[in-house]
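K.L.:
Chain by chain, the residues run as shown.
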Amino acid sequence: AQTVTQSQPEMSVQEAETVTLSCTYDTSESDYYLFWYKQPPSRQMILVIRQEAYKQQNATENRFSVNFQKAAKSFSLKISDSQLGDAAMYFCAYRSARTSYDKVIFGPGTSLSVIP
Amino acid sequence: GAVVSQHPSWVICKSGTSVKIECRSLDFQATTMFWYRQFPKQSLMLMATSNEGSKATYEQGVEKDKFLINHASLTLSTLTVTSAHPEDSSFYICSAPPRAPQYFGPGTRLLVL
Chain D
1 AQTVTQSQPE MSVQEAETVT LSCTYDTSES DYYLFWYKQP PSRQMILVIR
51 QEAYKQQNAT ENRFSVNFQK AAKSFSLKIS DSQLGDAAMY FCAYRSARTS
101 YDKVIFGPGT SLSVIP
Chain L
1 GAVVSQHPSW VICKSGTSVK IECRSLDFQA TTMFWYRQFP KQSLMLMATS
51 NEGSKATYEQ GVEKDKFLIN HASLTLSTLT VTSAHPEDSS FYICSAPPRA
101 PQYFGPGTRL LVL
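Order-wise, the sequence lines are chains D and L.
Residue numbering for the first sequence follows our numbering, beginning at 1 and increasing consecutively.
Residue numbering for the second sequence follows our numbering, beginning at 1 and increasing consecutively.
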């Protein structure tokens, strides 16, 4: 079974600085998707960034980028120029690419605080 | 973009009563929907997979007789918490996977008194 681990329960970053959230996963599959979701106090899950396992190039979305190391099964999220609105729970997630209907497996989450 | 809605967003009920939560895909058809439960300061835990026209698939440890799931149409899945107890108080989220990534509903806060 696939598992997702986030070893940092809490992180903090100074506004305008850069922070990296860690994620590792375990799978025997070769084709899958990885995601970072943000959950603000409203608790609405918001997709931050996605990575297809077959792509070697790391995904980027504005201030958000990932470091995807497939062999190491590592998928970290870097937030640059941190803003107060980035404060939230961040979940790393895995989904098999076998079908369009596979479930998403979430890590335990990292609570990010942004210090003004 | 694709939107998933949930109703109600908040519900308070007395212990022993049943509560129904609806999940709708607004601009796409979803033959499969997922139901998650999230306790405070914890991650999302998958409860069950809702399949249109067939029985739901429950994760290990989830009581199927307590959490009834009906996927009546290609845009609607319902979760009924039967004989709710205070320990069922939680945040329930549905999602639909038309393709990666999944789209999540805004969630339903359930408080059982």
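Hints in this document: simulated from the structure, not taken from any laboratory.
Hints are not guaranteed to be accurate.
Heads up, incomplete: computed chain L residues facing chain D, CB under 7 Å, no partners named [claimed, not checked]:
| hint | residue |
| --- | --- |
| 1 | F39 |
| 2 | P40 |
| 3 | L46 |
| 4 | L68 |
| 5 | N70 |
| 6 | P106 |
Computed from the model, here is a short list of chain D residues facing chain L with C-beta under 10 Å [said to hold, decoys possible]:
| hint | residue |
| --- | --- |
| 7 | Q6 |
| 8 | Y37 |
| 9 | I46 |
| 10 | R63 |
| 11 | F64 |
| 12 | A72 |
| 13 | A93 |
Given the structure is predicted, the values throughout are model-derived calculations rather than measurements.
Each residue gets a CB set at the ideal place from its N, CA and C atoms; glycine is no exception.
K.L.:
All hints are to be evaluated individually against the structure, with a verdict given for each.
P.N.:
Hint check results:
1. Interface restraint check: F39 (chain L) against chain D, minimum CB-CB distance 12 Å, threshold 7 Å, status violated.
2. Interface restraint check: P40 (chain L) against chain D, minimum CB-CB distance 10 Å, threshold 7 Å, status violated.
3. Checking L46 (chain L) against chain D by beta carbon gives a least distance of about 5 Å; that is within 7 Å, so the hint holds.
4. Against a cut-off of 7 Å between C-beta atoms, the interface hint on L68 (chain L) is violated, since the closest Cβ of chain D lies about 19 Å away.
5. Given hint, N70 (chain L) at the interface with chain D, is violated; its Cβ is 18 Å from that chain's nearest Cβ, farther than 7 Å.
6. This hint holds: P106 (chain L) has a C-beta 5 Å from the nearest C-beta of chain D, less than the 7 Å allowed.
7. Restraint check, Q6 (chain D) versus chain L: the minimum CB separation of about 9 Å is within 10 Å; hint holds.
8. Annotation: interface hint on Y37 (chain D) holds; nearest CB of chain L at approximately 8 Å, less than 10 Å.
9. Given hint, I46 (chain D) at the interface with chain L, holds; its Cβ is 8 Å from that chain's nearest Cβ, closer than 10 Å.
10. For R63 (chain D), the shortest C-beta to C-beta distance to chain L is roughly 19 Å, which exceeds 10 Å, and the interface hint is violated.
11. Given the 10 Å rule on beta carbons, the hint for F64 (chain D) is violated: about 14 Å separates it from the nearest Cβ of chain L.
12. Contact between A72 (chain D) and chain L, as hinted, is not supported at the beta carbon level, the nearest pair being about 22 Å apart and thus beyond 10 Å.
13. At its closest, the beta carbon of A93 (chain D) sits 8 Å from a beta carbon of chain L; the interface hint therefore holds under the 10 Å criterion.
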